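Number of protein chains: 2
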Amino acid sequence: MKEERDITTEQRILKAARKVFIEYGFNGARMQLIADEAGINKALLHYYFRSKEQLFDVVFTDLLARFQIAFFTILASDKPLIEKIRLMVEEDIELLMKHPEMPLFIISEVARNPEKTARRANAAKISSLFKEFSRQVKEGIAEGEIREVDPIDLLMNILSLNRFPFIGKPMIQSVIGLSDDRFQKLMKSRKRSVAELIIGDLKNRTTTGGK
Amino acid sequence: MKEERDITTEQRILKAARKVFIEYGFNGARMQLIADEAGINKALLHYYFRSKEQLFDVVFTDLLARFQIAFFTILASDKPLIEKIRLMVEEDIELLMKHPEMPLFIISEVARNPEKTARRANAAKISSLFKEFSRQVKEGIAEGEIREVDPIDLLMNILSLNRFPFIGKPMIQSVIGLSDDRFQKLMKSRKRSVAELIIGDLKNRTTTGGK
DNA sequence: GTCTATAATTTGATAGAC
DNA sequence: GTCTATCAAATTATAGAC
Chain A
7 MKEERDITTE QRILKAARKV FIEYGFNGAR MQLIADEAGI NKALLHYYFR SKEQLFDVVF
67 TDLLARFQIA FFTILASDKP LIEKIRLMVE EDIELLMKHP EMPLFIISEV ARNPEKTARR
127 ANAAKISSLF KEFSRQVKEG IAEGEIREVD PIDLLMNILS LNRFPFIGKP MIQSVIGLSD
187 DRFQKLMKSR KRSVAELIIG DLKNRTTTGG K
Chain B
7 MKEERDITTE QRILKAARKV FIEYGFNGAR MQLIADEAGI NKALLHYYFR SKEQLFDVVF
67 TDLLARFQIA FFTILASDKP LIEKIRLMVE EDIELLMKHP EMPLFIISEV ARNPEKTARR
127 ANAAKISSLF KEFSRQVKEG IAEGEIREVD PIDLLMNILS LNRFPFIGKP MIQSVIGLSD
187 DRFQKLMKSR KRSVAELIIG DLKNRTTTGG K
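Line by line, the protein sequences give chains A and B.
Letter by letter, the first sequence follows residues 7 to 217 in this note's numbering.
Letter by letter, the second sequence follows residues 7 to 217 in this note's numbering.
Keep in mind that the hints were calculated from the coordinates and are not lab data.
Nothing here was measured: the structure is a model prediction, and the numbers come from that model.
Be aware that a few hints might be false.
[What the hints assert, rightly or not] Here are some chain B residues pointing at chain A (derived, C-beta under 10 Å):
no. : residue
1   : Leu102
2   : Pro120
3   : Ala127
4   : Gly146
5   : Ile158
6   : Ser180
Heads up, the beta-carbon is just placed ideally off N, CA and C, and yes, glycines get one too.
Working from the sequences, and respecting the hints, build out all of it.
Rendered as structure tokens:
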């Protein structure tokens with residue numbers, strides 16, 4: 007009976023827009039479908055968010071923010087580097103299992119419009135995140151905790167192993183014929199195996215070409 | 007002076023369509039732009055390929071085919087399994103460096119329309135390719151050439167490490183601020199490092215949790 | 001085969017009543 | 001704030017001359 011319901015329409019629109027944009031992408035999404043999904047009229051969309059572009063911006067910026075948090079808190083903790091890397095794998099995959107469509111959506115939209123999305127993505131913040139990761143990796147190398155490695159390479163390996171399976175999910179499923187259920191189980195088991203792959207590589211291999 | 011030029015218009019259209027579809031995706035692509043790119047009139051597009059959808063189908067099916075060849079020939083060769091895996095990494099990355107936008111394009115379009123693209127992709131052929139890969143991996147395990155591993159996991163790791171950097175290229179570049187030139191160099195160095203990561207894992211690790 | 005209109009449809013956006 | 005009706009622009013597709 008309060009004004010909670012005032013917010014509700016806007017929230018309902020955002021929720022619907024999120025769903026439709028994620029499913030169809032900016033170009034494929036239709037304002038009419040978002041309106042239907044929100045149970046309101048198309049004109050009302052423009053009343054709350056002037057244009058399709060603006061509505062998308064709000065949705066996209068919001069979604070991006072949610073996907074940056076995990077790495078920040080992990081890097082800020084005081085665990086050993088190896089432990090942080092394990093968490094970066096396991097918690098990322100955990101999050102992805104809850105939102106399997108997110109990485110493809112984000113990457114597609116960034117590719118469609120790099121300049122604008124870079125601004126929306128708070129590039130400076132992510133960039134500083136990478137710098138901090140880089141610093142900690144170099145520290146770990148200096149202290150002999152891990153082998154010599156290029157931080158960019160390491161981050162790329164982690165992100166690749168974590169995220170590609172979700173990005174390629176539709177393709178993988180249609181090619182190998184994998185049910186959602188089996189896919190889910192596979193991802194769960196990868197939390198451990200990917201972490202071991204990454205960490206094993208950091209521990210065992212030597213740069214001078216040992217065993 | 008022969009009829010080579012009869013083919014040429016169709017070929018020019020296909021080339022232009024390839025470029026535009028890859029850059030903008032099906033939903034973002036415009037017939038007008040394809041016509042401009044081909045240096046012809048819009049009506050002529052419909053004369054050669056009834057509809058946008060049909061034109062896309064031809065382009066997409068053709069592109070997909072080109073991206074399946076490498077793994078086939080490698081698996082069919084008589085090299086040791088480890089060597090085949092090294093080639094699957096190195097030759098795939100080599101190919102991707104020449105067509106960096108392909109994996110994101112293919113994956114996006116499959117996600118947009120899984121049923122149809124699955125048919126276009128000759129799913130049966132790819133499926134048999136995976137079965138053959140799976141067979142050879144199990145053989146390698148039985149003969150002690152590599153450690154015990156799930157073939158799906160292994161293939162996912164290879165594809166992830168090979169292809170994610172290209173899929174995420176626009177995002178990575180805008181976030182880390184990586185020039186095309188440095189990106190290219192990074193990928194070149196990854197041909198070796200990724201192969202070593204995969205192979206090192208297959209050789210060194212044991213399933214019973216040894217060092 | 002290739003072009004110049006032009007039709008037909010879709011779709012984002014606005015006007016104006018309530 | 002919310003709706004109905006409608007506009008204006010964009011875009012795929014076709015008709016018909018050459």
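Tested hints:
1. Leu102: Violated: closest Cβ of chain A sits about 13 Å from Leu102 (chain B), beyond 10 Å.
2. Pro120: With Cβ-Cβ at 5 Å, under 10 Å, it holds.
3. Ala127: This interface hint holds because 7 Å falls under the 10 Å limit.
4. Gly146: Result: violated, 18 Å to nearest chain A Cβ.
5. Ile158: 7 Å, holds
6. Ser180: Holds, about 4 Å.
Against the hints set out earlier in the document, violations occur for numbers 1, 4.
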